[in-house]
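Visitor: Sequence:
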Amino acid sequence: MSSVHSHYHLFVRPVGRFVTISRSQRRAYTEMCSTPPVFSNLLRRIELEKRRTGRATMLRNIQTFSTSTSSVTPKPGSVGDKMNNLSTSDGSGNGKTKEKVEKMRQKLQIMTTGWDDLWMEGITPWDLGGPTPLLWHELCEQKPPRTSKILVPGCGAGYDLATLARYSSLSSCDTSGSVVIGLDLSPTSLQIAAKHVTSLLRINISDKMDPSQQKNQPSVELRQGDFFSSVLKWELNNLVNGTSSGKKGISPSDFDLILDYTFFCALPPTQRAEWGKRMSELLQSETGRLLTIVFPILPEEAERNKGPPYPVTIKDYQLALEPHGMKVIGTPRASPHSVPSRQGKELVCWWKKCDESTNPPPSRL
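Just so we're aligned, residue 1 is where the sequence shown starts under the numbering used here, counting upward by one.
These are calculated hints, taken from the structure and not from any lab test.
Treat the hints with caution; some may be incorrect.
Claimed, not checked - Taking CB as the label site, the calculated pair distances span:
#	residue 1	residue 2	range
1	SER199	PRO323	38 to 46 angstroms
2	LEU170	THR331	24 to 32 angstroms
3	THR270	LYS143	31 to 39 angstroms
4	LEU239	LYS306	36 to 44 angstroms
As the list claims (entries may be wrong) - In the BS3-like style, the derived pairs of lysine-lysine whose C-alpha atoms are separated by at most 30 angstroms in a straight line are:
#	residue 1	residue 2
5	LYS143	LYS345
6	LYS306	LYS98
7	LYS277	LYS345
8	LYS327	LYS352
9	LYS233	LYS195
10	LYS352	LYS315
All of these numbers come straight from a predicted model, not from anything done at the bench.
All residues carry an ideal CB built from backbone N, CA and C; glycine is no exception.
Sequences are here, hints too, so could you generate the full structure?
Guide: Laid out in structure tokens, this is it:
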């Protein structure tokens with residue numbers, strides 16, 4: 001978003017062009033971005049305004065609109081509709097989304113290249129189609145270190161990498177040594193992520209940022225590799241902002257923050273113990289934090305070994321992490337900023353390493 005006199009140009013990706021909004025509307029837009037169904041209706045309103053006036057211009061009643069349309073059902077195929085998925089009792093969604101989940105499961109059983117083929121064919125029912133709304137709120141509330149090394153395994157389309165980079169850029173300190181690493185097995189997803197991250201970092205929709213802070217953003221590295229392999233085998237696929245840390249710039253026990261959202265649930269249950277060990281190895285001993293968004297939490301009668309996504313519980317994470325010196329910070333909780341279709345099916349849970357001399361006592365959460 002760029003300043004033009006007292007107004008701003010906003011590029012609306014689903015519409016494919018720029019529209020002009022005022023400073024107050026800019027603030028309203030920022031708030032609406034945390035409510036995807038409302039945002040999808042904003043796009044429809046932009047289209048209606050264009051048809052009525054013959055030009056995509058000021059939406060003078062955006063603030064009223066943002067509060068009056070929250071109950072409107074998103075148009076099929078819109079951004080809000082993509083986010084309202086995975087809503088049935090087995091976590092596989094409904095209609096076309098459920099069909100995609102079943103198709104995904106079938107293909108993963110027969111394809112040698114697995115996840116990359118799914119990205120090439122566009123079979124990505126787990127993808128929200130935009131940044132995770134609750135992530136920004138969690139970062140602002142929990143305040144993990146801003147000048148840090150951050151890892152997102154299974155980064156997919158990369159939307160959350162931009163959120164993490166933006167958070168890091170707000171540091172008053174020099175963030176030249178900071179890096180956000182998105183790791184994925186699929187080179188196709190990393191190519192998509194590079195476009196999304198580049199685009200999102202150019203858009204200034206937060207009143208907390210100004211153009212001068214753009215140069216303070218950390219490097220965003222997109223790396224192809226297996227989460228369970230040595231970090232030296234994580235090949236650099238693309239670089240957004242700054243310079244690469246290089247293979248020697250990454251080492252185990254080096255990350256201050258790791259985000260796991262829909263990565264744990266994509267792994268077969270037999271790999272969960274290995275996942276927990278690997279997370280503990282990669283995290284800084286004293287300041288490191290692991291943010292897990294526990295999803296999908298489903299009814300007890302759901303088939304536990306059917307996936308991905310495999311149904312999960314807080315206990316599954318405890319069994320994987322606590323034997324490796326990790327403990328919960330506070331209490332797992334629901335977030336009011338979860339996308340509507342995932343409310344009641346996910347919990348936010350932060351973790352840290354214990355003193356290496358002691359293992360955490362079994363949790364009763």
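Visitor: Report the numbers of all earlier hints that the structure fails to satisfy, in ascending order.
Guide: Every hint satisfied by this model.
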